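Student: For reference, the chains in residue letters:
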Amino acid sequence: MSQAALGATVGASSPAASPVGARKWRAPTYWPFVLPAVIVVVGVIVFPWAFTLWMSANEWKIGGASNFVGFANYARLWTDPRFIEAVWHTLYYTALSVFAPLLLGLLAALIFHARFPLRGILRGLFVMPMMATPVAIALIWTMMFHPQLGVMNYLLSLVGLPAQLWIFHPNTVIPSLVMVETWQWTPLVMLILLGGLAAIPTEPYESAELDGASRWQQFRFITLPMLAPFMLVAAIIRSIDALKSFDIIFAMTQGGPGTASETLNLYLYSVAFAYYDVGYGSAIAVVFFILVVAMSVLLLYLQRRAQWNEIRTDA
Amino acid sequence: MDSFHSGLSRRSVLAGGAAAGALALSGAPAFSQVNWKKFAGTKIEANLIKGPRGETLAKYHKEFTDLTGIEVGYELIPEQQQRQKAVIELTSGSPSFDVVHLSYHVQKRQFEKAGWLADLSGFIKDPSLTEAGLSESDFSAAGKSYATDEKGRLLSLPWSVDYFMLYYNKEMLAKKNIPYPQTIDEMIASSIKLTDAKNGEFGFVGRGLRNANLPMWASIYLGYGKDFIDDKGNLLTDGPEAVEATKQFQELMMKAAPPGVAGFNWMESQAAFLQGKVAFWLDGVGWAPPMEDPTRSRVVGKVGYGVIPKGKMIQASPTYGDGIGVVSNSKKKEASYLYCQWAISKLMGGRLLQAGGGVPFRNSVLDDPEVRSGVKMPKEWVDCVVGSAKVSKLGLPVIVPVTEFRDIIGAALTATLSGADPAAELKKATEQFKPILERSEKA
Numbered sequence: 001m002s003q004a005a006l007g008a009t010v011g012a013s014s015p016a017a018s019p020v021g022a023r024k025w026r027a028p029t030y031w032p033f034v035l036p037a038v039i040v041v042v043g044v045i046v047f048p049w050a051f052t053l054w055m056s057a058n059e060w061k062i063g064g065a066s067n068f069v070g071f072a073n074y075a076r077l078w079t080d081p082r083f084i085e086a087v088w089h090t091l092y093y094t095a096l097s098v099f100a101p102l103l104l105g106l107l108a109a110l111i112f113h114a115r116f117p118l119r120g121i122l123r124g125l126f127v128m129p130m131m132a133t134p135v136a137i138a139l140i141w142t143m144m145f146h147p148q149l150g151v152m153n154y155l156l157s158l159v160g161l162p163a164q165l166w167i168f169h170p171n172t173v174i175p176s177l178v179m180v181e182t183w184q185w186t187p188l189v190m191l192i193l194l195g196g197l198a199a200i201p202t203e204p205y206e207s208a209e210l211d212g213a214s215r216w217q218q219f220r221f222i223t224l225p226m227l228a229p230f231m232l233v234a235a236i237i238r239s240i241d242a243l244k245s246f247d248i249i250f251a252m253t254q255g256g257p258g259t260a261s262e263t264l265n266l267y268l269y270s271v272a273f274a275y276y277d278v279g280y281g282s283a284i285a286v287v288f289f290i291l292v293v294a295m296s297v298l299l300l301y302l303q304r305r306a307q308w309n310e311i312r313t314d315a
Numbered sequence: 001m002d003s004f005h006s007g008l009s010r011r012s013v014l015a016g017g018a019a020a021g022a023l024a025l026s027g028a029p030a031f032s033q034v035n036w037k038k039f040a041g042t043k044i045e046a047n048l049i050k051g052p053r054g055e056t057l058a059k060y061h062k063e064f065t066d067l068t069g070i071e072v073g074y075e076l077i078p079e080q081q082q083r084q085k086a087v088i089e090l091t092s093g094s095p096s097f098d099v100v101h102l103s104y105h106v107q108k109r110q111f112e113k114a115g116w117l118a119d120l121s122g123f124i125k126d127p128s129l130t131e132a133g134l135s136e137s138d139f140s141a142a143g144k145s146y147a148t149d150e151k152g153r154l155l156s157l158p159w160s161v162d163y164f165m166l167y168y169n170k171e172m173l174a175k176k177n178i179p180y181p182q183t184i185d186e187m188i189a190s191s192i193k194l195t196d197a198k199n200g201e202f203g204f205v206g207r208g209l210r211n212a213n214l215p216m217w218a219s220i221y222l223g224y225g226k227d228f229i230d231d232k233g234n235l236l237t238d239g240p241e242a243v244e245a246t247k248q249f250q251e252l253m254m255k256a257a258p259p260g261v262a263g264f265n266w267m268e269s270q271a272a273f274l275q276g277k278v279a280f281w282l283d284g285v286g287w288a289p290p291m292e293d294p295t296r297s298r299v300v301g302k303v304g305y306g307v308i309p310k311g312k313m314i315q316a317s318p319t320y321g322d323g324i325g326v327v328s329n330s331k332k333k334e335a336s337y338l339y340c341q342w343a344i345s346k347l348m349g350g351r352l353l354q355a356g357g358g359v360p361f362r363n364s365v366l367d368d369p370e371v372r373s374g375v376k377m378p379k380e381w382v383d384c385v386v387g388s389a390k391v392s393k394l395g396l397p398v399i400v401p402v403t404e405f406r407d408i409i410g411a412a413l414t415a416t417l418s419g420a421d422p423a424a425e426l427k428k429a430t431e432q433f434k435p436i437l438e439r440s441e442k443a
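Line by line, the protein sequences are chains A and B. Under my numbering, the residue at position 156 of the first sequence is numbered 156, and the numbers go up by one with no gaps. Under my numbering, the residue at position 204 of the second sequence is numbered 204, and the numbers go up by one with no gaps.
In case anyone wonders, no lab produced these hints; they're calculated from the structure. Treat the numbers as computed from the prediction; the structure is a model and nothing was measured. Among the clues, some could well be false.
Claimed, not checked - Here are the simulated SDA-like pairs of lysine to any residue, each with C-alpha atoms no more than 20 Å apart in a straight line:
no.: 1; chain 1: B; residue 1: K390; chain 2: B; residue 2: E380
no.: 2; chain 1: B; residue 1: K312; chain 2: B; residue 2: L236
no.: 3; chain 1: B; residue 1: K442; chain 2: A; residue 2: G64
no.: 4; chain 1: B; residue 1: K277; chain 2: A; residue 2: M143
no.: 5; chain 1: B; residue 1: K331; chain 2: B; residue 2: S94
no.: 6; chain 1: B; residue 1: K113; chain 2: A; residue 2: G64
no.: 7; chain 1: B; residue 1: K442; chain 2: A; residue 2: E59
no.: 8; chain 1: A; residue 1: K244; chain 2: A; residue 2: L291
no.: 9; chain 1: B; residue 1: K50; chain 2: A; residue 2: A251
no.: 10; chain 1: B; residue 1: K113; chain 2: A; residue 2: E59
no.: 11; chain 1: B; residue 1: K144; chain 2: B; residue 2: I124
As the list claims (entries may be wrong) - Where chain B lies over chain A, by a calculated footprint (3+ residues, C-beta under 8 Å):
no.: 12; region: 61 to 71
no.: 13; region: 144 to 157
no.: 14; region: 167 to 180
no.: 15; region: 256 to 270
Stated by the list, open to error - Some, not all, of what chain B presents toward chain A, calculated at C-beta under 8 Å:
no.: 16; residue: T42
no.: 17; residue: Q84
no.: 18; residue: V87
no.: 19; residue: A114
no.: 20; residue: L209
no.: 21; residue: P258
Just so you know, even glycine gets a beta-carbon here, dropped at the ideal spot from N, CA and C.
If we strip away everything but chain A, and leave its shape as in the complex, we get (with noise of 0.2 Å):
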């Protein structure tokens, strides 16, 4: 670099120096544009975790008065059984909920992206469940759960295969729920993955083709890496719904039997809204909370790792 070039770059980090570097100032005539936005944000956001947090600090039970008590309900945390075991069955829960419909997901894009005769419409009739409410599709599936006069059952017993408990046997309980979810949330997968499906280009395949690669080995070596992305999306959506699933839960067992399907969003509904034990509730709230930020910081750093990796592989 030469004397006049580095002159002149040292002159331009002084604004006094230079006017083109200069700043100036000007009156903020942009807050009145910005200001409605920021009411609502502290509103709706700010100010509802900020009172949570404190209110996770006091012990106040609605009807009664507030104490103050700092961080005695996160120790009181610890030491609950009920607390410990939901975020057990929530892990449990939201791995079970995200491995079967991503799998199940991706299996239905393939299918669905080869040509064959009344795609279209079997693919709309596909993400149909979807579209159902869910506290109606709890109630229907409770029925068919029903071991002495339920449908699944009766489907066991064509095909030999002894009668099951589901949803009323702890042991069965969370897989029979799963079972629900990844009805209703298989279709979203698919519809991701499609749209990766289409946007992997031809070429390669056309080389694998020509290198003598198989059907298994395009599928593992180049479906799978380009694929990999959308699936991490998917694999986000899905960890966030799963994690703070509710309403079938409750609809279908309340948590139940005993505590065996009480996931920690419930036992959260329980705390707060049944037991009124609402600074309690705010604590696991507040973790609840971390839970849910953590399990997506961890997916999205994934998804972000997923595609260096395709870039890396395309230099």
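Since the structure of chain A is provided, determine the placement of chain B on it from the hints.
Tutor: Chain B only, in chain A's frame:
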């Protein structure tokens, strides 16, 4: 056709008002003593639970306006949400309603402790406000106990009661020549005898689901003559009687009930009984109407209605109920009281009973031959209701954290249905609930 009209008509309301029954009983113009029009032009708001009781009031509220000149605005909200809304608004100190519908078995202590209800003791004794037939002595024992606080103040008017009773399939019992059980032990033995799982027939069904199962268990436990909490406030839920009752509960549910009963609430239990494959079903009297409805039931005409058999020590029917009260912050207490009085009047109570929507707490309604003649349910059901009233006992402890109690003890009961030891489960649950109760009493 509206079944309400079979016994009492709109004309009779306008002619005699809510005090028609009292007139007949006393022979004196009691109705004329109450100045129903005193608060004409007032507007009150009522917060009601969506269900047969709230809907009956909503359906006929114009009659109340015709009688009193008081306008009524009302909200009908599903039970869980109504409870939440009422509590949140009452906590705020300025609720939007003057009259509140409350579930005694869940909210009694909470409402009393918070001072949310107006004292009606003076109103009920005031002949210018209260018809002659209405007095505290007309309420069943459970109703009076629910409506009054520990100081004896009347804080609400008991409206509708739900007794636990035993539904039974007469045909199934007759087939095996088994009589109606006289004791809980007999009920368990007969249920086991009637069970033929291979053919899909079961002796018994009842609620196994956490929280919902508490009344089912209480039907056995109260028969030991014990309460849930002693006079000093100690929990008795891990005492020897509770353990014995839980063993009976476990035996009954594991040996005679359909598989999966641990997840059954009233709905699944009722569905199983209506199919005609279950001999006994223990639940509230209010679930009776579908039994005799041919579009929903396969057991029409085959159902027997019995008072819960005697337990080890006493015969006891767990009792739950609804009340209606005036908010202590209301500025229209007298007008609101008139509305509450109309809600539990003989006329409205009769309508409720005849439609199978609830059972009034007032003995004068249950004993009235005119009201009884209009009831569509079999006479045996009415007799069962009257019989249950005589052995009624509060089905839950009167404490603020009653939902936690139901959840925690209920979870222990559900665990026993997977074979867990009753004594260990109850001990663990009682220990878990103890600090919650202590915190609540301290607050």
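Student: Hints first: check each against the structure and report whether it holds.
Tutor: Hint by hint, here is what the structure shows:
Taking the CA atoms of K390 of chain B and E380 of chain B, the gap is about 15 Å. The hint holds against a cut of 20 Å. For the proposed pair K312 of chain B and L236 of chain B, the alpha carbon gap of about 17 Å is at most 20 Å, so the pair holds. In summary, the hint linking K442 of chain B to G64 of chain A is supported, as the alpha carbons are separated by about 10 Å, within the 20 Å threshold. Between K277 of chain B and M143 of chain A the alpha-carbon distance is near 17 Å, which keeps this suggested pair within the 20 Å criterion.
For the suggested pair K331 of chain B and S94 of chain B, the alpha carbons sit about 11 Å apart, so the restraint of at most 20 Å is met. This hinted pair checks out: K113 of chain B and G64 of chain A have alpha carbons roughly 9 Å apart, not beyond 20 Å. For the given pair, K442 of chain B sits about 12 Å from E59 of chain A by alpha-carbon distance, which is consistent with the 20 Å threshold. With a C-alpha separation of about 11 Å, the suggested pairing of K244 of chain A with L291 of chain A holds against the 20 Å cut-off.
Taken as a hint, the K50 of chain B and A251 of chain A pair is honoured in the structure, with Cα atoms around 18 Å apart against an allowance of 20 Å. Of the supplied pair hints, the one linking K113 of chain B and E59 of chain A holds, its CA atoms being roughly 17 Å apart against a limit of 20 Å. Of the pairs offered as hints, the one joining K144 of chain B and I124 of chain B holds, with about 13 Å between alpha carbons and a cut-off of 20 Å not exceeded. Here's how the region 61 to 71 of chain A fares: 5 of its residues keep a CB closer than 8 Å to some CB of chain B, so the rule of at least three is met and the hint holds.
Counting residues of the region 144 to 157 of chain A whose CB lies closer than 8 Å to any CB of chain B gives 4, which reaches the minimum of 3, so the coverage claim holds. Only residues whose beta carbon comes within less than 8 Å of a beta carbon in chain B count, and the region 167 to 180 of chain A has 5; three or more means the coverage holds. Note: the region 256 to 270 of chain A has 5 residues with beta-carbon separation from chain B under 8 Å; the three-residue rule is met and the coverage holds. Residue-level restraint check for T42 of chain B is violated (minimum Cβ-Cβ distance to chain A is 28 Å; threshold 8 Å).
The beta carbon of Q84 of chain B comes within 5 Å of a beta carbon in chain A, closer than 8 Å, and the hint placing it at the interface holds. Given the 8 Å rule on beta carbons, the hint for V87 of chain B holds: about 6 Å separates it from the nearest Cβ of chain A. For A114 of chain B, the interface hint holds, since its Cβ comes within 8 Å of a Cβ in chain A; the closest pair sits about 4 Å apart. At its closest, the beta carbon of L209 of chain B sits 5 Å from a beta carbon of chain A; the interface hint therefore holds under the 8 Å criterion.
With a cut of 8 Å, the hint placing P258 of chain B at the interface with chain A holds, because the nearest CB-to-CB distance is about 5 Å.
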